[in-house]
Amino acid sequence: MQSGGFPWLTLLILLPLAGAAALFFVKETSVRMVALGVSVADLLLSLPLWWLFDGASSRMQFAEDVTWITSPPIHYHLGLDGISLPLVLMTTVLMPLCVAISWRSIETRVSSFMAMLLIMEGAMIGVFAALDFVLFYVFWEAMLIPMYLLIGVWGGPNRLYAAIKFFLYTLAGSILLLVAILALYFQGGHTFDIVQLSQQAYAPRLQFWLFLAFFAAFAVKVPMFPFHTWLPDAHVEAPTAGSVILASVLLKMGTYGFLRFSLPMLPDASKDFAPMIVVLSIIAIVYGAYMALAQADLKKLIAYSSVSHMGFVTLGLFMFNQQGIEGAVMQMVNHGITTGGLFLCVGVIYERTHSRQIADNVGLTKPMPQYATLLVIFSLSSLGLPGTNSFVGEFLVLAGTFLWSKIAAALASLGIILAAAYMLWMVQRVAFGVPSPHHLPKLTDLNRREMATLVPLVVLVFWIGLFPNPILSRMHASVTNVIARATHGPQESPTSTGQISPVVEPVPAAQTVQSTEAARP
Amino acid sequence: MMLSAHDLFAILPELLVIFAACAVLVLDPITPSSRKDGLAWLSLGTMAVCMGLTAARFGSPTTAFGGLVVIDNYSCFWKLLLYFVTGLTILLSFSYLKEERICLGEYYGFILLALSGMMVMVSGADLLTIYLGTELMSLSLYVMAGLKRAEAKSLEASAKYFVLGAFSSGILLYGISLLYGSAGSTQLPAIATAIAGRSLDDPLLLFATILIAVGFSFKLAVVPFHMWTPDVYQGAPTSVTAFMAVASKAASFGAFMRVFVEGLGGVRANWSLLFLLLCIGTLILGNIVALVQTNVKRMLAYSSIAHAGYALIGVVAAGRLAPAEASAAVSSVMLYIALYAFMTFGAFTIIAMLRKGGLEGDEIEDFSGLAKRHPFAALLMLVFMVSLAGIPPTAGFIGKFYVFMSAVQAGLTWLAVLALVFAAISAYFYLRLVMVMYMREPEAVSALSPRFVSTPALSIVLACAIAGVVFFGLYPDPIVNLATQAALSLK
Chain A
4 MQSGGFPWLT LLILLPLAGA AALFFVKETS VRMVALGVSV ADLLLSLPLW
54 WLFDGASSRM QFAEDVTWIT SPPIHYHLGL DGISLPLVLM TTVLMPLCVA
104 ISWRSIETRV SSFMAMLLIM EGAMIGVFAA LDFVLFYVFW EAMLIPMYLL
154 IGVWGGPNRL YAAIKFFLYT LAGSILLLVA ILALYFQGGH TFDIVQLSQQ
204 AYAPRLQFWL FLAFFAAFAV KVPMFPFHTW LPDAHVEAPT AGSVILASVL
254 LKMGTYGFLR FSLPMLPDAS KDFAPMIVVL SIIAIVYGAY MALAQADLKK
304 LIAYSSVSHM GFVTLGLFMF NQQGIEGAVM QMVNHGITTG GLFLCVGVIY
354 ERTHSRQIAD NVGLTKPMPQ YATLLVIFSL SSLGLPGTNS FVGEFLVLAG
404 TFLWSKIAAA LASLGIILAA AYMLWMVQRV AFGVPSPHHL PKLTDLNRRE
454 MATLVPLVVL VFWIGLFPNP ILSRMHASVT NVIARATHGP QESPTSTGQI
504 SPVVEPVPAA QTVQSTEAAR P
Chain B
178 MMLSAHDLFA ILPELLVIFA ACAVLVLDPI TPSSRKDGLA WLSLGTMAVC
228 MGLTAARFGS PTTAFGGLVV IDNYSCFWKL LLYFVTGLTI LLSFSYLKEE
278 RICLGEYYGF ILLALSGMMV MVSGADLLTI YLGTELMSLS LYVMAGLKRA
328 EAKSLEASAK YFVLGAFSSG ILLYGISLLY GSAGSTQLPA IATAIAGRSL
378 DDPLLLFATI LIAVGFSFKL AVVPFHMWTP DVYQGAPTSV TAFMAVASKA
428 ASFGAFMRVF VEGLGGVRAN WSLLFLLLCI GTLILGNIVA LVQTNVKRML
478 AYSSIAHAGY ALIGVVAAGR LAPAEASAAV SSVMLYIALY AFMTFGAFTI
528 IAMLRKGGLE GDEIEDFSGL AKRHPFAALL MLVFMVSLAG IPPTAGFIGK
578 FYVFMSAVQA GLTWLAVLAL VFAAISAYFY LRLVMVMYMR EPEAVSALSP
628 RFVSTPALSI VLACAIAGVV FFGLYPDPIV NLATQAALSL K
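Residue numbers (this note's numbering), protein chains in the order written: chain A, 4 to 524; chain B, 178 to 668.
No lab work stands behind these hints: they were computed from the structure.
Where is the CB? At the ideal position from N, CA and C, for every residue including glycine.
Mixed in with the good hints there might be a few duds.
Unchecked claim - Rough simulated footprint, nothing fancy, chain B against chain A, three-plus residues with beta-carbon under 8 Å: (1) 69 to 76; (2) 95 to 102; (3) 174 to 184.
Stated by the list, open to error - Subject to a maximum C-alpha distance of 25 Å in a straight line, what follows is the list of computed DSS-like cross-link-like pairs (lysine-lysine): (4) LYS533(B) x LYS549(B); (5) LYS30(A) x LYS549(B); (6) LYS409(A) x LYS274(A); (7) LYS668(B) x LYS275(B); (8) LYS549(B) x LYS168(A); (9) LYS330(B) x LYS533(B).
If we strip away everything but chain B, and leave its shape as in the complex, we get:
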């Protein structure tokens, strides 16, 4: 295979991001610490350029490297979301790193490397390409989770994440090799052709499907493969947590749906049953365990587990519907994750801004009386919580609406009812935070009482998040159309 200009041009955004990552890593030691902000600006500029490149690519799909990489509307949608989230992460990290005294230039390098891995994941049309992307993302995230080197919790998070992540990668790889043995290819279209008409009971294929599903379930933090999530989310620096909760989840869903809908569409009956079981477990456990959390980051970790469960409903529906109708279900998942990105990122930003002494104020108690001390921040958190609970007129409701709609369309009305029951239960823990903010008196002021950091960069992050939650809650048409269009390219 020859490396052609066409191929390189197709992956130009990926190349740019990797180049920027290398540049950050090289420039970091020779940049005086007073000017490290420049590295963040460099990363941010890269995001802007990539966003332009990918947006221009939207609508004119192409493949590169003999079909290893495909740049279609589907991957463009995820990439745009990933750039956006990465941009927000960089802005958030700006002040957060200073507060936490993590003055490491390589931080931005790792973010960009993780991003490039995610981009490869959503663009990969070959199982090995996707695996490569997954590893690049995961390895960067393992390091980032442990960046608060002075804190034992952060190191624990990193170690735990690494061990379980490596384990799950192994399972994924094993599944890929079995599938290669069964289908004779690692390219998704070739696999789809090879397994078309294959019996659902084909043992090798079944085993491969399960192993690949398990591998992805680790990355998506789906019950029972979620164990790492609460500890990692709590221990990691909050900016990294936000990045993981949103970007890595989005990329994993992107790759995951392409593998299953496009590559393993022939055995959809198998995997849709499997994901149905995982989805029910995730909804139940995520929402119930979140009820008893006292730490906000931990609560949001369980909340993110639960949200993966809601998104999975769409995946199950995609497996149940006829191939021609499945793209609506796929688009509902894309929409759900995109809207989830705004509210979750907003919530984590508020947590990152709340400081207690030199530490983070991430216990629920620290939010006591926030509405009195910082009415505006409390109002924003209120909106994020309401949106996470899925109550209109917020983006969270729109996401749930479309997912449930595809469930009802696929004849899974009972699943929609079950999911909504757990949505009502989840409202309790989201509202408990609201209750603490609005209905408790603030603690007496002392040196250790929570204060709020506010910088222009953080304000931009919050403005983007709240604008997304409110605007798409009131007028979801643009993003719905984008997701619908993008989902069509998944066959």
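So that you can see chain A by itself, here it is in the shape it has in the complex:
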């Protein structure tokens, strides 16, 4: 866990932050280009990680470890494993698209808007890469203010309500996390290091309380069933780019938290609470889908479909088997791509008709054939059609659930059926209905910018749908590691002096350049 090698992750985080600062000194006319350039540069910088990553190892790779605060020992410790790598890449892929979709739709205070987007990007990557609990918390909370401003300043008519609701909900959830982090510090050998904290056994009673505290933070963010009410409001009022970030990345931070902290650190409590999580997940799946059926607003429909889809993720996580967890991680990435695509589609049509109501956007196939095609593709992906990305994730989750409980699997499958119903019904009206002559003159098909925004996601939909293996093989070792922790307890129980056992694995003989460098003292 020594730092060394090229500081990939620091650069990935700093580049957008520096870009955000630079935007204040850029002329108003070129702000968009600079923001796009920065986000594309960040994407290009992140791409090599995909190939440099060693999928055979569950070690944290590209690690950087610098002391940040000496007392108590808080480190600037970053690293990626097979779980966080796809999420970081998903973030960097989506950000240029968010900048591009805001090109024309954001006209006031453009530089501040773009700065907020870039700050969000830096903080989101930080959340996925942080290996120190306090550092994680700092990134996690630092995102609240820019998101609050994105919704509150550039949002829809009811934005003030939605913004403060989003803010207070997530803040209220995460304060308990801070106390839990501090309690872990005093109980876990006086360290904030996530890897070290995951190596230790905690008393069942402590685990119980810590799990509840973690749950409060992560369940609000996911959002799980009873805590989801902020999501539809925030989505409806947020500008398109805000919705995309919210749905595609922010929600994943909740499930990522469960996977990174709850399962490995609190295995006993996780097992005890698993039935509760499973029940809440199934309720979310069915209830979200059911609510989606009833929505007349496109964004609200997708928001509720998110609640349903995220239910699959939490369901898969608490199956404690390879299929379930790998399916959940796949589903996290897929939901980011597909829902991101759907929100982008809504943004495109909103720019033309200034309405998100299904009734106002009927029959788009004739005037906008290209748009309708892409919308249909994303919709089919969202309902989990084989050959698209979501199928892989949902299939794995259901397979994992089936091993655990056949009834749970059957109930969860209801969500897929309902998803087909609400998605196809939406497509039927929006794509194939009879258009109202009132809107027709405004309906021009996708321009090149919009095409360039949507096509990359379509490519990913099919690429992951047909060849999921590259992602699966990269997360395999890391997921196995989590399961080993979550099912067998610690590999080495801590000694009575509270000393911390070393990092999980001995270094295998075959290593990529990064891993060897990372292991070098």
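Guided by the hints, dock chain B onto chain A, whose structure is given.
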């Protein structure tokens, strides 16, 4: 007792400040009003010199006047903070006084006198020395609160502050006399020795502890002794409000912790319970009542009450932890107050800069659409508010982090949870100001619409405040180490 050169040298900074205060008062009548700025420069220069003297003293503790005064790292830490805040106050007053047309040279004299009182407070190792410092500080502040002589609110503030302040001083003095009766000394080390092993139920000692605690609670504006705070903060000139909210609070905490941790450490179980109750009340009332304020100065007054509550968490923890571990809790309080100084001072500076006609624009409505008219000022206010709410990566978060950490260490996890719940509630009123600045349209421009005063001096103040909030939010190590080191000298 002979007055020795050693003693005088030890209190050289105090002597310098008092000398400068006298010089300002004497020079004021003979200085033409066009050159009154010189008095401010004189005060500012004194701050710089004192800062150098005290910084040089850091690390080489000494006592003077037979133990009445102790110059250790602990007092040096507070003094450095006090010089810094006083320096900022002088810079802020520079333009603020002109805007308010308070052209009184004695203003700077009173600031320096108040400062010297604060310095005596944090250096005092004897209850009477501390009392002396408290009175010197308070008397100067009473006058300063009423300096806007044309405004009834300012006079009301002054009168209210004086009556309640005098009352609380009386209580403090009564407590000191009872403690003298019980312990036979007013010197803190002697008291500590005398009460060691004393029963917690000793009635005289208990009564003395409570009275001294109440006396300090008035100065710290802890619920239920906070009643004066909102009116005084709102009525006083904003520069004075900022000075009171930060410097007087810092000095009071400095003296308060020395008295209780060092002098009354033997009955820590008693006072930690007492402060636990006060702390809970303060957190609840400060944060809840701030929710409904429409005046920013009043809102910040309640916010400062609430922040005293957060700092008190550390004091409670210090009382709960074993003496060897207590210094971490003490340092968390010092850190909290030091970091709180930056953000609160910054927020008050922005308020002082916002003018509406000839008056201050201190209603929340006056901030409407500030982001459109003055994006940079709005951004700074945003950062100060976020920091006051304790959201990372700002200094406010670091302060809360350490205080909560000592609470969890002392086994007060539930108190940390409670405090964090109220921190989340407080985020609502801090963000409401952000909302007004960023999400409301500015009012139509008229002669009375709020405008912004910007001078080099004010820019320096804001630059210092924002640098502190951001730098210590991202890299708190230097100030954490300083506080940790300083807290060690409190035994």
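Results of checking the hints against the structure:
1. With a cut-off of 8 Å between beta carbons, the stretch 69 to 76 of chain A has 5 residues touching chain B; three or more are needed, and the interface restraint holds.
2. Check result for the stretch 95 to 102 of chain A against chain B: violated, 0 residues qualifying (beta carbon to beta carbon below 8 Å, three or more required).
3. Proximity of the stretch 174 to 184 of chain A to chain B, defined as three or more residues with a beta carbon under 8 Å from a beta carbon of that chain, is established by the 6 residues found.
4. Distance restraint check for LYS533(B) and LYS549(B): the Cα-Cα separation of roughly 17 Å lies within the 25 Å cut-off, and the hinted pair is therefore satisfied.
5. Restraint check: the Cα-Cα separation between LYS30(A) and LYS549(B) comes to about 17 Å, which is no more than 25 Å; the hinted pair holds.
6. Distance check on the hinted pair: LYS409(A) and LYS274(A) sit about 18 Å apart at the alpha-carbon level, within 25 Å; holds.
7. Restraint check for LYS668(B) and LYS275(B): not satisfied, since their Cα atoms lie roughly 46 Å apart, outside the 25 Å limit.
8. About 24 Å separates the Cα atoms of LYS549(B) and LYS168(A), which keeps this hinted pair within 25 Å; it holds.
9. The straight-line distance between the Cα atoms of LYS330(B) and LYS533(B) is roughly 17 Å, inside the 25 Å bound, and the hint therefore holds.
Hint compliance for this structure: hints 2 and 7 are broken, all remaining hints hold.
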